[in-house]
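S.K.: Chains as they are written, first to last, in my numbering: chain C, 19 to 227; chain E, 797 to 1006.
Hints should not be assumed to be uniformly reliable.
Derived CB-CB ranges, DEER-like [unchecked claim]:
| no. | chain 1 | residue 1 | chain 2 | residue 2 | range |
| --- | --- | --- | --- | --- | --- |
| 1 | C | GLY123 | E | SER815 | 16 to 26 Å |
| 2 | C | ALA212 | E | ASP854 | 16 to 26 Å |
| 3 | C | ARG193 | E | ARG901 | 50 to 60 Å |
Interface residues of chain C toward chain E, partial, derived using beta-carbon atoms under 7 Å [to be verified]:
| no. | residue |
| --- | --- |
| 4 | LEU24 |
| 5 | ILE42 |
| 6 | PHE46 |
Hints are computed from structural coordinates only; laboratory data are not their basis. For glycine and all other residues, C-beta sits at the position ideal for the given N, C-alpha and C.
Spelled out from the first residue to the last, the chains are:
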Amino acid sequence: MDEIELVRSLPAPAPASPTERDRIRASFATGLVQMATRPRTGSGWWRRLSRPAVLAATALFLAGMVTVVAAGVFAEWGGAGVAATEADIRAEIADMQAAIALPPGETYPDLFPHKAAETNNLAKYLGVQQVQFYAMCSWATYWLESHAANDAGGVAVATAVIAEFPTWQAIADPRLADDTIRRQIDEVVAAAAAGDREPIDGLVAAACQ
Amino acid sequence: VQESRNRITPSRQEWVMDSLSDADIIAHSMRDPDLFAEIFERHFDSVYAYLVRRVGPDVGGDLTADVFLAAFESRGRYDLSRLISRPWLLGIATNLAHRHWRTERLRLESIANTAPSGEVDTEDETVERVDAAAAVSEVADAVASLDAGWRDVLLLIAWADLSYAEVSEALDIPIGTVRSRLSRARQQIRRRLAASPLFPELSYPLDTGV
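Let's have the full structure, built from the sequences with the hints guiding it.
M.R.: Structure follows, in structure tokens:
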């Protein structure tokens, strides 16, 4: 036996169990989401990764389609009160959709606020709100479904995204949301981290259906 | 690629993915990042086994996730002429393991301190087990004593089964350097072990044909 064989003969650890593999896969996916969901201002390599990283993370968890019904109550919350054109709103929607990925398998529907346009009520940041509220509903619903399915990876990814909700403009900007809304979102963030589904159920029931 | 995957059946999807090299997948992942998950699935076992053997299961598990994160981050610089990404991933793993040298040394010490276990039937069997444990201890000590660069080369060959060319790729060093580091690592191990009665085969000169 030569030196290489001797080193090769040192005791080898057991292969990863399925649980350990799932844990590491979730850790990898969560890391990608954390890279991708940091604020988009300031400097750093992660700015270039934002959307790709979220997509890669979500692709690790090939869950079924999440059904979320429009923005519901959310849509009544905001409004910056500054008139905007259809082109302004469509640009906001396009920018936000490029910045915020949805859970696995989901794509954005048409989120242009046609009723507001028909009644000449388009306001600045309405496009931002439409996309961010839709994404919040999608991720909250994805968290609930992953939790119900005991899908630790899905819960981890959704929890990481939900933790970023308070930094999203639709919630953080005082022109668009008040402290009551921010408190509700903070409760959802804490509940997701703690594995408590009740406040998340409440949000989805109240705002997403 | 993504459009094709969406159109075809699951078995067809698997076939298409199987037919793609790592380099293909990494190239496409620049535009379709979710494809990078396939790199994780293909090479998880190899990266995990290597890291856990070096730094133990607790640190090794976490470092495995870090390897794939670092690989995803730097995939734009991947040399697409290299069809298999395993050496690249193990190179990243080796660099990350350096930050945990203290843990690695403790792990080697714990291997070195492994005592013979289990019931034995005869005195001869007891002697054999004690000798085997002592041999493991001496080899682990010898590995721990190596210069970091020599140890990396030796462990990538012995524990990750990389070829010299793959080690060269993993560590981004010339293949001649791989050969010289391996030779020095083997010589040092041989010097430490040759005096022991447990390794009579090492009393012969080192075969330089490594």
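S.K.: Decide, hint by hint, whether the structure agrees.
M.R.: Hint by hint, here is what the structure shows:
1. C:GLY123 / E:SER815: 16 to 26 Å: This hint holds: roughly 24 Å between Cβ atoms.
2. C:ALA212 / E:ASP854: 16 to 26 Å: The hint (16 to 26 Å, Cβ to Cβ) holds, given that C:ALA212 and E:ASP854 are roughly 24 Å apart.
3. C:ARG193 / E:ARG901: 50 to 60 Å: holds, 57 Å
4. LEU24: Since the shortest Cβ distance to chain E is 5 Å, the answer is holds.
5. ILE42: Hint on C:ILE42: holds, closest Cβ of chain E at ~5 Å, below 7 Å.
6. PHE46: Hint holds; C:PHE46 Cβ to chain E Cβ min 4 Å, cut 7 Å.
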